[in-house]
Amino acid sequence: NAGVMQNPRHLVRRRGQEARLRCSPMKGHSHVYWYRQLPEEGLKFMVYLQKENIIDESGMPKERFSAEFPKEGPSILRIQQVVRGDSAAYFCASSLQGVPEKLFFGSGTQLSVL
Amino acid sequence: AQSVTQLGSHVSVSEGALVLLRCNYSSSVPPYLFWYVQYPNQGLQLLLKYTSAATLVKGINGFEAEFKKSETSFHLTKPSAHMSDAAEYFCAVTPARNNNDMRFGAGTRLTVKP
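Chains F and H, in that order, give the protein sequences. The first sequence finishes on residue 116 if you use this note's numbering, and the numbering steps up by one all the way, no holes. The second sequence finishes on residue 1595 if you use this note's numbering, and the numbering steps up by one all the way, no holes.
What the hints contain is simulated information worked out from the structure, not anything from laboratory work. Keep in mind that this is a model prediction, so the values were computed, not measured. We put the beta carbon where it would ideally sit given N, CA and C, even for glycine. Watch out, some of these pointers could steer you wrong.
Pairwise CB distance ranges, derived in the manner of DEER restraints [unchecked claim]: (1) S1495(H) with E54(F): 50 to 56 angstroms; (2) T1532(H) with A91(F): 24 to 30 angstroms; (3) T1592(H) with G30(F): 23 to 29 angstroms; (4) K64(F) with E1496(H): 47 to 53 angstroms; (5) L1488(H) with R17(F): 32 to 38 angstroms; (6) S60(F) with P1521(H): 30 to 36 angstroms; (7) R86(F) with P1560(H): 40 to 46 angstroms; (8) R22(F) with A1534(H): 40 to 46 angstroms; (9) E54(F) with T1553(H): 37 to 43 angstroms; (10) P10(F) with A1534(H): 37 to 43 angstroms; (11) V14(F) with K1594(H): 32 to 38 angstroms; (12) T1532(H) with K73(F): 50 to 56 angstroms.
Pulled from the structure, derived: some chain H residues nowhere near chain F, Cβ distances all over 10 angstroms [as the list claims (entries may be wrong)]: (13) S1490; (14) G1497; (15) N1542; (16) G1543; (17) D1582.
In isolation and in its complexed conformation, chain H is listed as follows (with noise of 0.2 angstroms):
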């Protein structure tokens, strides 16, 4: 079964500061990886997605994640947060292509500061 974990439900920077939200994924067979964004009394919008192409995967808004298999990993970065950026982050993750088990994070509230 696949899974992932958000590690940290609350991330706080101020506004500049490099944003750093960490996706662990566990998946028996090759993942297909993405993140999401929520942003307050909206629904989620896909940020953008890891399909075995190359490892270091450019988003929307500056947001990019590298696909690390040896560390399990695929986090979500940003060099200079914008207030714009408040949100909430969810990694997901889905074994196949057209599977419709995609399994979500419990989300990552990022906060930037003045």
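The following block holds chain F by itself, in its conformation from the complex (with noise of 0.2 angstroms):
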């Protein structure tokens, strides 16, 4: 849906280095997920963020991964010193209740580790 932005569209990084995936949820929207997208795989989810809140981390890794959604400006999934491993698409969705069922997505953001 083109109502959630997603920045960049492609991503490149080599190991080791941070790679910051930004989300802009539609307009009115406070609840931002995340998921992660392998090769040949489906959508696994990460987190749930709400304003200034994580809501659900149930799916992050433990480490190097983190994310945000601050007060002002889009939501943030950081992942530091990444490895090959991390290559993959991260969409992001929002809703305005916070029900899964009326999820709409971003584009994505393909992450290359080289």
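Reassemble the complex: the two chains are provided individually, in unrelated frames, and hints are given to aid placement.
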């Protein structure tokens, strides 16, 4: 859905660098979800945030990954010290009410780690 | 735990032919089931959803899906394929309406031949 904006569309990083993925939800949406899609696999839930709060991060790797959704500005998914296994498509979705059936997805960020 | 399996990572049909994309689910509790479509270079869009009401669910663009508990299936169909239906289709399941643990299938890429 064109309303959820993700940037960059493609991101190339070398091993050990940091990756920052941005997601601006649809206007008026205060719930943001991040998913990761590995090649030949479905989308896997990573984290669910509301403004300034992490609600559920059960799908997030314990190390190197973090997410935030500040009061102002986009949601950020941050991956420190990237490794080749982090190469994937990362999708952001937003909703108005925090109900999964009413998710609107962005076009994703394709992260490639060299 | 909930999961979905999409049978066939690639399906090819001729324009005007029946489209059948298969999805089987596994759930320990009554599931909510979804089909999403992803067009090239776009985010996922909700096609249709089953949330314990009618077992035959109609969605956008002429697609429909039938929930069959006895077969644990939620196959997606369309009577007559159109070229514009070429896309990637994802089946998803969540165990409760506001559960953030939506599980996606690996996706099925639909090709429509003229």
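Tested hints:
Here the CB-CB span from S1495(H) to E54(F) is close to 52 angstroms, well matched to the stated 50 to 56 angstroms. Distance hint for T1532(H) and A91(F): a CB-CB separation of about 27 angstroms, consistent with the stated range 24 to 30 angstroms. For the pair T1592(H) and G30(F), the beta carbons lie near 37 angstroms from each other, so the given range of 23 to 29 angstroms is not met. A hinted range of 47 to 53 angstroms holds for the C-beta pair K64(F) and E1496(H), which are about 49 angstroms apart.
Separation of L1488(H) from R17(F) is about 36 angstroms and conforms to the stated range, judged on CB atoms against 32 to 38 angstroms. Checked against the hint of 30 to 36 angstroms, the C-beta distance between S60(F) and P1521(H) comes to roughly 31 angstroms, which is consistent with it. Checked against the hint of 40 to 46 angstroms, the C-beta distance between R86(F) and P1560(H) comes to roughly 44 angstroms, which is consistent with it. Between R22(F) and A1534(H) the CB atoms are about 42 angstroms apart, so this pair conforms to the stated range of 40 to 46 angstroms.
About 40 angstroms separates the C-beta atoms of E54(F) and T1553(H), a value consistent with the hinted range of 37 to 43 angstroms. Checking the proposed 37 to 43 angstroms range against P10(F) and A1534(H) shows it holds: the Cβ atoms sit about 41 angstroms from each other. Separation of V14(F) from K1594(H) is about 35 angstroms and conforms to the stated range, judged on CB atoms against 32 to 38 angstroms. For the hinted restraint 50 to 56 angstroms between T1532(H) and K73(F), the CB-CB distance of approximately 33 angstroms leaves it violated.
Distance check for S1490(H) against chain F: the nearest CB is about 7 angstroms away, which does not clear 10 angstroms, and the non-interface claim fails. The non-interface label for G1497(H) is consistent with chain F: the shortest C-beta to C-beta separation is roughly 29 angstroms, beyond 10 angstroms. For N1542(H), the condition that its CB be more than 10 angstroms from all CB atoms of chain F holds, with the nearest at approximately 15 angstroms. Look at G1543(H): its CB is around 20 angstroms from the nearest CB on chain F, clear of 10 angstroms, so calling it non-interface holds up.
With a least beta-carbon separation of about 6 angstroms from chain F, D1582(H) fails to lie farther than 10 angstroms from that chain, contradicting its non-interface assignment.
The earlier numbered hints that this structure contradicts are 3, 12, 13, 17.
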